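Trainee: Taken in order, the sequence shown gives residues 1087 to 1442; the numbers are from our numbering.
Keep in mind the hints are simulated off the structure, nothing from the lab.
Predicted model only: the values in this text are computed from it and were never measured.
Be careful, since some hints might not be right.
[Claimed, not checked] Simulated pairs of lysine-lysine, DSS-like, Cα-Cα distance not exceeding 27 Å:
| no. | residue 1 | residue 2 |
| --- | --- | --- |
| 1 | Lys1338 | Lys1317 |
| 2 | Lys1122 | Lys1155 |
| 3 | Lys1114 | Lys1155 |
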Amino acid sequence: MKIIIWVLGSTLLFLVVCGIYIRLNGKKILLDQIQKNLQLEASLESISLRLPLTVELKGLKLGELASFKKISLTPNLLGFIAGKIVIANLTLENPRVHLIKSNNGSLNLPKLNEGGAPPQIFITGLVVKNGKLIYDDRFISAQGLKTALGSIDCSISKVMLPLTSLKTNLDFSANLEDPQGKILGNLSGKGWVDFGPKDMDLNLAAKGLDVVYFAPYYGEFLSTKKLLSAKLNLTSACKAKNNDLAIITDFKLSDMVYAQEEARQEGELPQLNFMKSALDLFTDANGNLNLKFTINTKLDHPELSIEQLKDLVLEAAAKNLSNQRPDQIIEKIQNTVGQFKDFGKQMEKIFKGKKE
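Throw the hints in and build the complete structure from the sequences for me.
Mentor: Set out below in structure tokens:
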């Protein structure tokens, strides 16, 4: 019993001494390290140690890049003994991050000093409360396109048992916003990924996405006609087994309103790109587009080329023909003047599984 009391007393004394030291010197040490390694002007309101062993930072600001109302974390003592920095229960409250992509494609991220390898840091749990990420893309156009992920709530946690497991649970939600705070849609995801056997079961969703706002990215890929408004609802079930990843996607484009086409001179034919005409062709009677397709790739190295995506979209669009009346199909084909021959070749390629 005396040994237990001595151990508890020594531990308590150690924590008290650490708390006093952190309160007196922790702020200066932390700011010096940030400025030295990240080359950013940093400021911090306070740093403290709460029992049993939680470090709490308030009012941290990293130049113009990021700010945090409060950060709390719990260092893992066993990790330190093993020579690694292991952090559990990392919580970020009201984080604000501002990323800028310049006209040369570079991001405003700090460059780490090259004086030796940075320490390995392992995070076993992360919680984000009411976060915001502003992305200012000055590469996509001269005017730039600014988008924000707002109201970010995220929870990432490694399963406790067995200790050797790399299975991680994920749950997040966020709003897409314009610079004035108008909501452009909602994003969410929930599921898990196991980096050991490379398995995954994760559901992702985008709801009510204002497609027109992102026109600089997709150009006229969705339609030959200029869209004034459109909403995208998309769900993806990401399932992986032994590194083979299948992304089962349901793509729904609706509430499409088009600009009035300009009058053409007599005999002038519309200049239609095949891909665009095909998507116009497969909309339903209300002008909505619903496609279902599966992307097959690898969990540790996911990739998808534009050509592969086009083939997937065309194959999914072809399945929609069975749900349309023949007269509707004929009318749409007549509207794709000069393009149906190319369309037939593409359809033949899809059904025969041949590549040109």
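Trainee: Could you grab the alpha-carbon distance between Lys1338 and Lys1317 and see if it respects the 27 Å cut-off?
Mentor: With a Cα-Cα distance of about 8 Å, the restraint between Lys1338 and Lys1317 holds, given a limit of 27 Å.
Trainee: For the pair we were handed, Lys1122 and Lys1155, check the Cα-Cα distance against 27 Å.
Mentor: holds, 22 Å
Trainee: Decide if the proposed pair is consistent with the structure: Lys1114 and Lys1155, CA atoms, cutoff 27 Å inclusive.
Mentor: Holds, at about 18 Å.
When each numbered hint is compared with the structure, no violation occurs for any of them.
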